[in-house]
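A.B. asks: Here's the letter readout for the chains.
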Amino acid sequence: MDELKNRIKEMIVTALELEDVTAADIVEDAPLFGESERGLGLDSIDALELGIAIKENFGVSFSAANEDTKKHFYSFDTLAAYISANMPK
Amino acid sequence: MSSESQQWFEVKEVGGSLWHFRFMLWITCHLPLRVVEFCTAVICFFFWLGASPVRKRSSAYLKRLFAVRGKRMPFMATYKHVLSFALSMIEKLLGWRGAIKLNRVETQGDDLDKLVEQLDRGEGAFLICSHLGNMEMLRSLTGYGEIHTHRQFKVFPVVDFSGTSKFNALLYELNPDLMNSVLDANKIGVDSAVWMKEQIVAGNVVAIAGDRTSANSQGRNIEMDFLGDSANFPEGAFTLASILNAPIYFTFAIRKHDFDIRTPYEMHVVKATTSFDCSRRERTGKIKDLVREYVQLLEKLSLRHPYQWYNFYNFWKKT
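Which chain is which? The protein sequence lines are R and W, in order. Going by our numbering, the final residue of the first sequence carries number 89, and the count climbs one at a time with no gaps. Going by our numbering, the final residue of the second sequence carries number 319, and the count climbs one at a time with no gaps.
These aren't lab readings, by the way, just hints derived from the structure by calculation. The C-beta atom is built at its ideal place from N, Cα and C for all residues, glycine as well. Just so you know, not all the hints are guaranteed correct.
With the C-beta cut set under 8 Å, the calculated list includes, among others, these residues of chain W facing chain R [as the list claims (entries may be wrong)]:
(1) V190
(2) D191
(3) K197
(4) S279
BS3-like mimics (lysine-lysine), calculated; alpha carbons at most 27 Å apart, straight line [said to hold, decoys possible]:
(5) K70(R) / K9(R)
(6) K70(R) / K187(W)
(7) K187(W) / K55(R)
(8) K286(W) / K92(W)
(9) K288(W) / K92(W)
(10) K71(R) / K187(W)
(11) K271(W) / K300(W)
(12) K154(W) / K55(R)
(13) K9(R) / K55(R)
(14) K286(W) / K300(W)
(15) K300(W) / K63(W)
(16) K55(R) / K286(W)
(17) K166(W) / K187(W)
(18) K89(R) / K55(R)
(19) K114(W) / K256(W)
All chains, please: the whole structure from these sequences, using the hints.
C.D. replies: Following this line, the structure appears as structure tokens:
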């Protein structure tokens with residue numbers, strides 16, 4: 001799981017070209033979106049791009065139900081849990 | 001809010017019930033086209049007399065356009081605009097019903113060949129179209145004749161459904177399969193972005209209009225000079241192009257003669273020179289470049305066919 005988490009963090013940094021944030025800086029339980037001191041402060045466009053990157057890197061898609069997707073994208077933890085549960089074996 | 005400054009999505013769909021549309025459909029399908037055109041002209045005249053907000057919004061556009069041409073807006077120009085729109089609706093119904101073939105197009109010796117070659121190689125594309133002319137004609141790319149592709153592929157239009165629910169219900173009845181391939185612009189999320197990317201990678205086409213701001217995107221617009229004044233263009237459509245990072249083509253299908261639905265269509269296809277193989281920091285500027293390219297083309301073609309731009313709302317911030 002830790003190895004997977006690190007891969008996901010690297011993917012986030014690469015896909016969003018974060019500059020002053022490294023993989024190690026990502027706070028796992030902080031909200032990814034919106035204003036938050038510990039979070040990344042992402043917006044909806046970032047979400048679309050993360051979605052595409054997740055599909056390309058891990059082969060995981062999201063359901064059409066918007067509310068579910070929002071839950072999965074809440075924090076790094078929820079996203080990592082979703083990816084690990086849905087990765088093709 | 002005054003009717004002039006209303007945005008299109010705040011304007012209620014005109015025409016009472018689905019029953020009206022059904023009647024219109026029956027007429028369209030059972031009478032000769034010449035008679036249909038005549039009836040349309042008469043009905044439009046009375047609609048035009050009674051619909052002063054439509055006249056005002058139409059003239060906001062036409063006055064600017066004719067000013068750029070250095071002329072005054074001709075007498076009854078707004079009526080011609082309404083009539084041209086009504087004819088395009090009839091054409092749409094006939095097209096969805098399969099009653100007219102969508103392959104009567106005249107190519108312009110532009111980038112259509114590039115697009116067709118690319119699709120034949122199995123590569124998908126992102127098309128930015130407009131409310132100038134008939135977007136349905138883009139479907140003619142997907143089959144038929146010698147100018148088209150040899151490979152089967154699908155076209156997925158991204159459409160804002162708000163405001164035209166009754167007309168859409170009718171379209172759905174006419175051709176459920178076709179309607180199911182339409183993506184709702186108001187429901188673009190992570191899932192649909194991923195899905196669109198997959199479709200393009202699989203060699204299909206995603207199309208979106210670049211000249212209409214959407215109901216839930218107010219404040220997310222890009223300003224660009226259009227017909228002499230600053231107008232709003234939807235950031236969403238162009239941002240989507242940047243995220244999907246596929247080859248982008250601007251496509252327009254315009255009726256050769258404004259008021260005759262039996263004439264062929266001019267098919268304009270122009271490959272965008274802006275591409276998004278760049279860092280995210282450069283992207284905002286590139287999106288603006290893309291909008292600029294698009295608007296210049298839109299302006300050029302709308303000056304040639306003023307009555308075929310079907311945007312009956314005030315596009316410009318200043319009136």
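A.B. asks: For the restraint on K197(W), tell me whether the closest CB of chain R is nearer than 8 Å.
C.D. replies: holds, 5 Å
A.B. asks: Straight-line Cα separation of K114(W) and K256(W) no greater than 27 Å?
C.D. replies: holds, 23 Å
A.B. asks: Holds or violated: K9(R) and K55(R), Cα atoms, limit 27 Å.
C.D. replies: holds, 15 Å
A.B. asks: Does the structure keep K70(R) and K9(R) at a Cα separation of 27 Å or less?
C.D. replies: Holds: K70(R) and K9(R) sit about 19 Å apart, inside 27 Å.
A.B. asks: Within a Cα-Cα threshold of 27 Å, do K89(R) and K55(R) meet the stated pairing?
C.D. replies: holds, 14 Å
A.B. asks: Given the hint that K288(W) pairs with K92(W), test it: the Cα-Cα distance must not exceed 27 Å.
C.D. replies: The given pair, whose Cα atoms are some 32 Å apart, is violated under the 27 Å limit.
A.B. asks: Tell me if the straight-line CA distance from K271(W) to K300(W) falls inside 27 Å.
C.D. replies: OK: K271(W) and K300(W) at ~16 Å, within 27 Å.
A.B. asks: Is the straight-line distance between the alpha-carbon of K187(W) and that of K55(R) 27 Å or less?
C.D. replies: holds, 19 Å
A.B. asks: Run the distance test for K154(W) versus K55(R): straight-line Cα separation, threshold 27 Å.
C.D. replies: At roughly 21 Å apart (the allowed maximum being 27 Å), K55(R) and K154(W) satisfy the hint.
A.B. asks: Holds or violated: K70(R) and K187(W), Cα atoms, limit 27 Å.
C.D. replies: holds, 13 Å
A.B. asks: Has the given pair, K166(W) with K187(W), been kept, meaning a C-alpha gap of at most 27 Å?
C.D. replies: At roughly 19 Å apart (the allowed maximum being 27 Å), K187(W) and K166(W) satisfy the hint.
A.B. asks: Run the distance test for K71(R) versus K187(W): straight-line Cα separation, threshold 27 Å.
C.D. replies: holds, 17 Å
Violated hints, listed in ascending order, are 8 and 9; each of the other numbered hints is respected by the structure.
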